[in-house]
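J.: These are the residues of each chain, in order.
Number of protein chains: 2
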Amino acid sequence: MANSDSVNVRVLSLNCWGIRYVSKHTLQRYAMIGDMLCKEEHDVVLLQEVWSEKDYLSLKKKLACSHPHSHHFKSGVIGSGLAIFSKHRIHETFLYRYSLNGYPYMAQHGDWFGGKAVGMAVLKFGSLTANVYVTHLHAEYCRDKDSYLPHRVVQAWELQQFVRHTSVGADVVILGGDLNMHPQDLGNRLLMSYTGLRDSYLESAKFDGCENGMTLIADNPFIDKKELAPFEKGIRIDYILFKGSSKTDVYCDFMSTTKGAVHDHPFPYSDHEALTSVLRLETQTPTETECDGQRASKEQDSAAGKVAELVDIVTEARTEVKVGLHCAERMRYTASRTGVMGLALLFLELAIAAVPWLALGAEQPFPRTSFYLLAALCFAILITTALLYVFYTMELKSLQGAEDQMRLAVGSLQEKLRGFPLAQPHNAHLRPPVGPEPGVFNPEE
Amino acid sequence: MANSDSVNVRVLSLNCWGIRYVSKHTLQRYAMIGDMLCKEEHDVVLLQEVWSEKDYLSLKKKLACSHPHSHHFKSGVIGSGLAIFSKHRIHETFLYRYSLNGYPYMAQHGDWFGGKAVGMAVLKFGSLTANVYVTHLHAEYCRDKDSYLPHRVVQAWELQQFVRHTSVGADVVILGGDLNMHPQDLGNRLLMSYTGLRDSYLESAKFDGCENGMTLIADNPFIDKKELAPFEKGIRIDYILFKGSSKTDVYCDFMSTTKGAVHDHPFPYSDHEALTSVLRLETQTPTETECDGQRASKEQDSAAGKVAELVDIVTEARTEVKVGLHCAERMRYTASRTGVMGLALLFLELAIAAVPWLALGAEQPFPRTSFYLLAALCFAILITTALLYVFYTMELKSLQGAEDQMRLAVGSLQEKLRGFPLAQPHNAHLRPPVGPEPGVFNPEE
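Sequences listed follow chains G and L, in order. The opening position of the first sequence corresponds to residue 1331 in this note's numbering, with each subsequent residue numbered one higher. The opening position of the second sequence corresponds to residue 1331 in this note's numbering, with each subsequent residue numbered one higher.
Don't read these hints as lab results, they were simulated from the structure. Each hint should be verified, as a subset may be incorrect.
Intra- or inter-copy, both count: the list cannot distinguish identical chains.
Said to hold, decoys possible - Derived lysine-lysine pairs resembling DSS-like cross-links, with alpha carbons at most 27 Å apart:
1. K1454 to K1555
2. K1563 to K1636
3. K1589 to K1390
4. K1536 to K1354
5. K1536 to K1556
6. K1652 to K1390
7. K1573 to K1536
Source: prediction; values computed, not measured.
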């Protein structure tokens, strides 16, 4: 190869499971993680679930020599949990907060309280500008009946939008994190197809790690094996993704994951495995750009197919968001109906209380305690349902917003498809009729 | 000029003041706005404060012929109030929600309840890709003692980040909206300097409208003149900003504002004036690009000065955010102290109640009503202070996040400044000492 320049970049991604007083052996594990990072000297370290500012600061202190540049992305009440450590100067950071992230009343799942987001950092590897993203999507607690699926699909939608729109000027794009999605899950396909990001595990020339690149493995002592069912050995939900640009080619020469146990230590770094990718960035010489011209033209041949595939994926995502919309509408309706019942109960109680008060002479004993208890119950119902109503309204707005955006995107993609001489026949039915709005889906539907 | 191509684009921006049942003559004004837009046929219409979905839909119906493409940006409980109508297909939209937007308990100001955001739409004007942004920042209720200043500065910071990072691939960038900032206000300088956006009013070859381009004028019957003081005649807080790219030059040929009264109607369109800019987009031919090379080199001469200015502005913004930080910390401390007092009061009350209960024989009358009232007060204090504590924690996190980002940005700008052969002497003191972190500001400060 006649490349003029080549840079190697080592990237690590790890979900640290750093919930103070809840996660097991948090401090010892952070010490182990710090030691490992100090020794390994990765170029870029992308961490998730670093919930505590104190833990971030102690890591920052420990890594002052190996990784002098760092940023902790702040958001929500608890924080986003996202952190980046880098050997190279961080020129800028930017944070995008996802519009949806579970339900506040599902306190046992806790996702809502962490301000889930995607953090971006602009670095320079030599003369190359790299946009590095770190993120953590909503967890999947039950694969068969995943009530958070619409939320995670909207998060994946917003993630791909953010990455795509902010990375135009970058020579290299790297995204690492706990996506909480299996490789073939809808959100993952949406992200990869739309952004063109490639999966380190699939692209790597050499791999050393857990079977099938799994990052949540049954052998990990912090994992409840029952929760992994039906995936006996584990699942792959953490990723390091990358892409180059017209100026830069990126290759993954080597990828590894930790395999649960850590040498000389009684337990692993976290309940997730750490991922390391060695990326080779090759700057293209102008001559090569011409060669790339040929390659690009070849690539364009399959572009129509890709756009058609994208239309299918976005349509699938739109369907999923619509399921979420119906569900949120039903929940809001239930909340409002319960609220009305609470109000009716309150009025009934007041009416009952008014009877002895109006019949001044009557000397019947008034059940004071029951009265107060019932009144308290009514107020509790009213306040709870009012809060739920507001919450579901916000959820509906966000889902509707995402659905609107997806509708526009499908319309635009279909127009693009019509521009190709040989559109894919299996997508012919998706082409919109003549009219201002893309007509496959009725926006009022 | 030897330009190969030229496109004229007419853009309108208007804050519609569409608060149903609160704003005056809302329906009639929307009818007037719809008629005007239908007749004028602007290429792009950027509306703010379209709070009601119903009003948006009725406008959409009315403008189906003149502006077949539209999008209402959804966010928060009430919505973002942002809408775009376009003659050209909207290929994509994307929404960024600001992390800070006033206080929920300032219900009379109401900003917190509207999910303030910046909306982006990707359009095509011929072969040119245009990123069009519409936004509405937090209002300024008292210029002398503006408690929302840190929030608005953070909004301006996030706005410039969003525009800058998402517009790299665009040939043309247009931003319209109610920025709630005077032309020389910190947030405005931050936005304009960082993004390179230019102000239609200042750049326009011809202007027809209110004196000094004012958009909130004393003559408007919906305006309370006292609120404008000390600006007797009015203020300029709505803008249409634009910039081109290496491929496209943008000029503002004409700009106009409405002047309060509307011909044949008893009142104006809104409490704000509508702005219209006629932009001329000129695609540069390759030959010209070379000429531009010379111009670019000339421009680079002043680049160091611009970077130095930017360092000053970001530093000023950082100071303002720090003021907000101290204020939020103080408020959070007050909330927690009040909460502790409420808790102490509750314990005291329980202790007092326990006395007759423990002294079983005593037959003293127990002041039941006062006891319940005091208990209710304690609970109200506890709940309120707990909510405030959570809210101020979120505010602190967002302010700290912005401050961190600004610190990184200043460091990076200073490094850039060191790269220029002739750095501005008045900024020499801002250069960081050798070390991993930009050293002007102590991050722990």
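J.: Against each hint, give a clear statement of whether it holds in the structure.
T.: Hint check results:
no.	hint	in the structure
1	K1454 to K1555	neither (42 Å within a copy, 52 Å between copies)
2	K1563 to K1636	neither (33 Å within a copy, 57 Å between copies)
3	K1589 to K1390	within (25 Å within a copy, 57 Å between copies)
4	K1536 to K1354	neither (33 Å within a copy, 69 Å between copies)
5	K1536 to K1556	neither (32 Å within a copy, 72 Å between copies)
6	K1652 to K1390	between (43 Å within a copy, 22 Å between copies)
7	K1573 to K1536	within (18 Å within a copy, 46 Å between copies)
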